[in-house]
Amino acid sequence: MDCLIELKNLVKYFDAIKAVDDISFNVQRGEVLGFLGPNGAGKSTTMKMATGFLLPTSGTAKIMGYDVTEKPIQARRKMGYLPEGAPAYGDMTPFEFLTFVAEARGLKGNEIERNIKIVTEKTHIGSVLKQQIETLSKGFRRRVGLAQALIHDPDVLILDEPTDGLDPNQKYEVRKLIQEMAKDKAIIISTHILEEVEAVCTRAIIISQGKITADETPDSLKARSERHNAIYVTVKNDSATIARTTFMQFDTVKRVEKCSENESHVEYIIIPKKGFNLLDQVSTIVRERGWAAGELRVEHGHLDDVFRQITSKTLS
Amino acid sequence: MFVVFKRELKSYFATPLAAIFIIIFLVMAGIFTFFLGDFFAWGQADLHAFFMFHPWLYLFFIPAIAMRLWADERKTGTIEILLTLPLTVTQVVMGKFLAAWVFTGCALLLTFPMWISVNILGDPDNGVILTSYIGSFLMAGAFVAIGSCISAISKSQVIAFVISATLCFIFVAIGSPLILNFAGDWMPKFALDTISGFSFHNHFDSLTRGVIDLSDGIFFVSMMALFIFINVALVDLKKAA
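So the protein sequences, as listed, match chains U and F.
My numbering puts the first residue of the first sequence at 1, with every later residue one more than the last.
My numbering puts the first residue of the second sequence at 1, with every later residue one more than the last.
Be a bit skeptical, because a hint or two may be false.
[What the hints assert, rightly or not] In silico BS3-like cross-links for lysine-lysine, where the CA-CA straight-line distance does not exceed 27 Å:
(1) F:K6 <-> U:K18
(2) F:K75 <-> F:K6
(3) F:K6 <-> U:K130
(4) F:K10 <-> U:K211
(5) U:K117 <-> F:K6
No wet-lab data here; the hints were simulated from the structure.
Predicted model only: the values in this text are computed from it and were never measured.
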């Protein structure tokens, strides 16, 4: 097992407030872990402890086998970190800033130039390399922060909201970049954009009030959604009522809701009871009775639903 | 350590602030020397009137330089980047301290016209002037160490400035006759001696008289070491907070 990040029983108190409550997980090489949770759930705190910036009240964090509090220098060498808000020295240019980070990370001469060139291309910041960081837009700053985390081509990447403040094109680019790097690194990204998890992550952890409430693949998370395997069906107006009653009579159907309607047809969503698939049944009956006024669509579920379901349970 | 030192020193000169600071320092030094110190009326070719005011000048000048060292990093969040680089806290603290110290050293060096004028006007004892400069530089280092240390406890530069200026004032003033007379009424003599032994003013004063007493030098160096040590401890402590 090529386990690059190991967090074990991390607990963090801020005075009397328990911000992180016994969090443990491992991240293997090749994994992109999406770290999800409502604001204030303890995402950033956990990440700060994983980097060794904050000391845990109890528990340990290891990067490539090095304990971040006992062997901090070795652990930090292997790791790139983009802190929340992508801070950078405003009075420097990205070029100076990257040079500083590269030198502090022990890169020498040619290596520094070469690596700056590589990360500049990867993050598309070439055009602003000589501008003062404080004059840059949010999107550029974020990417300068990302470049800084990548400068030494680390095995472990810990990125706190890497796409926050980026426009859709830039988000796409950054996600593509993360995917490209994924196969030989272990990456943790925190986000509250759920589509991002679907787009880049191989695994998702949801935390709420400092505890892990879900740890699985984005697909299996979606399967937890009530609307997983639900079916959108469009029927002609005149057969709408009969169709609805018929669907309701299936014993595997939980609920039927009207999604939209107009002069000619009505769209329903049929939500199955947990674990049932209605597709065959519904498609057969709709075809046989000639109700169909459009195609059937199967819903795979929404992460948003699951997210809300999981995190609001613990809040109330 | 050198990497941090280089970055910090550069950042002092990245803005016109550095130039403004140094100019103000030089102007104030001049005003103090010529008006308050009555350089001309003193009637002697030495720089006593000039050095006499250094502790009081540093009192404001150095906390203003040192206040940003840590407070700013914490406020902008860059401290997270800095402290997750593969550097030890001691290296970072030392790098920052040295940068601020060298910066004050630059300001001090730029007072050389004083030295030139006094050499034109008369025939001063340049040995005394040299030890005074060294003494002043060492004292500046102790002030920088205090300022940097205090800067590590707050996010706010203003708070860092006020507290370190106050602390510096205490260290300068505890040896002054005013305090000693006041405390002398009720404090035992050994306590009084101990307190005034910590006075920056007294240690500096003997250096400016050309008395090369190693203990004065050692005093300032140990003050630097002490506050650098506390500074490292404070930064470490914040990690656990």
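Now the hints, each set against the structure:
no.	hint	verdict
1	F:K6 <-> U:K18	40 Å, violated
2	F:K75 <-> F:K6	21 Å, holds
3	F:K6 <-> U:K130	19 Å, holds
4	F:K10 <-> U:K211	44 Å, violated
5	U:K117 <-> F:K6	22 Å, holds
Against the hints set out earlier in the document, violations occur for numbers 1 and 4.
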